[in-house]
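Enquirer: Spelled out, the chains give:
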Amino acid sequence: MDVRAIQRIPLQLSQNSIVASIQVDLSDELLRLFREDLLNLLQSSEADGIILDFSGVEIIDAEDWAAIRGTMTMANLMGTRSIVAGLRPGVVSALVELEVDVEDIDAALNLDEALKLMAAFRVKSEEIGEVDSRDGEVAQGEQG
Amino acid sequence: MEYEDYSDERMSAEEFLKTYRISEEDRSRIKRLSSLVADMDGLIRSWYEWLRTLPEYEQFLSNTETVERVKSLQKAYWLEFLEAEIDEAFLSRRRRVGQTHATIGLPLNTYFAGMNMFLELLVGLIKQSALSEKEKASTIESVSKLLHLDTAIVVETYNQLIEETLTAQTRSLLEMSTPVTQIWEGILLLPIVGIIDSKRARDIMDGALAKISETQSQIFIMDISGVGVVDTAVANHLIKITRATRLMGCETTISGLSPAIAQTMVDLGIDVGSIKTTATMKDALSDAFERVGMEIVKGR
Chain A
1 MDVRAIQRIP
11 LQLSQNSIVA
21 SIQVDLSDEL
31 LRLFREDLLN
41 LLQSSEADGI
51 ILDFSGVEII
61 DAEDWAAIRG
71 TMTMANLMGT
81 RSIVAGLRPG
91 VVSALVELEV
101 DVEDIDAALN
111 LDEALKLMAA
121 FRVKSEEIGE
131 VDSRDGEVAQ
141 GEQG
Chain B
145 MEYEDYSDER
155 MSAEEFLKTY
165 RISEEDRSRI
175 KRLSSLVADM
185 DGLIRSWYEW
195 LRTLPEYEQF
205 LSNTETVERV
215 KSLQKAYWLE
225 FLEAEIDEAF
235 LSRRRRVGQT
245 HATIGLPLNT
255 YFAGMNMFLE
265 LLVGLIKQSA
275 LSEKEKASTI
285 ESVSKLLHLD
295 TAIVVETYNQ
305 LIEETLTAQT
315 RSLLEMSTPV
325 TQIWEGILLL
335 PIVGIIDSKR
345 ARDIMDGALA
355 KISETQSQIF
365 IMDISGVGVV
375 DTAVANHLIK
385 ITRATRLMGC
395 ETTISGLSPA
405 IAQTMVDLGI
415 DVGSIKTTAT
425 MKDALSDAFE
435 RVGMEIVKGR
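Here the protein sequences come in this chain order: A and B.
Numbered by the numbering used here, the letters in the first sequence go through residues 1 to 144 in order.
Numbered by the numbering used here, the letters in the second sequence go through residues 145 to 444 in order.
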């Protein structure tokens, strides 16, 4: 298959989070490219959160889900929290029936709620004085 | 009322003839009988005299117009019977008869009694005829076979109608049993009464997820105070539902955990993990208000 022929999942920055709005049917190739794009952007940008908007996705099978979870774990290793948003009832019902691992996932009803939740997480991490490397840099920049 | 098409499950005319062991000879004997039954009107008259002794007569045949119409229909019915042409057209006409009787609510045993009475009248005729003793016996046998076939078709139709009604009732009952309601902006409530099996758990989950998506609710309260038994299977269903709503971004609170339920759950070693549970719906609700950022203030 010609890689260039595959549509990519658009990524955009909003309120210091990377928002991936997934509006197409998923495939292994698409998810592989998505992982690459997302992690690269994560490194090059100042983003401290990822929101995966699934509102346009009709079907997610166990394999797709495993790939998505994998990407989320990788992002987490890079110090970034992920939130899934807008999963449809049919998709959720199928995932639960397939008994895939859905524990410890932060989810939101829609993009708005996801951004709110992300803001709440930031407040919380500031409260408990959690400082990751990127915050450290910003702090130094302010001092200087 | 619409009738579903059961033509795939139904027996064909051939299968019927085979099942009821009706041979060509049987049919020709019955055909020969039609010359004996010259006075069909008389036969039907005596049948109605018998029918008048039943309490059902008043209920179903109260006016004379109906009686006359039914009488002529019945005459056609028995003339057709004596023709003994068992084909698909015959079957479908008989099924209509069954539908009619079932729809007006005639008890099945009254129908049986009626068929039995007519058999008795036919047998009486045969006995009085000029046929040889041997021929009489085999004719009676043939008539009984066809009559049984006839009754079977009608009973089959009765059964189907009853099943249809049952299915419709079960469906409406199931729909009724999962009324997920929005009780406040962002808060859904489902009181569960009765048993939770896997079918119902599935319905609850689908109903809740659809409603969450529709109302964009963040809190789903499931009240289980009306659930009789909470065993491992039921707990697993509840956990599954919670997991699903969480994946949509909606937290589920299970309220109504009575002392008895709490005790059983601990005895069975059920771990609900991080699921929020409360004793009363009141607690669940005030917690929900807090989470959606609402406050109840007493008016002055």
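Where hints are given, some of them may not hold.
Think about it this way: if two alpha-carbon atoms lie no more than 25 angstroms apart in a straight line, the pair counts; the simulated DMTMM-like pairs of lysine to aspartate or glutamate are [unchecked claim]:
| hint | chain 1 | residue 1 | chain 2 | residue 2 |
| --- | --- | --- | --- | --- |
| 1 | B | K384 | A | D64 |
| 2 | B | K384 | B | E439 |
| 3 | B | K271 | B | D185 |
| 4 | B | K420 | A | E103 |
Derived from the structure by calculation, the hints contain no laboratory data.
Enquirer: Among all the numbered hints in the text so far, which are the ones the structure does not match?
Expert: 2
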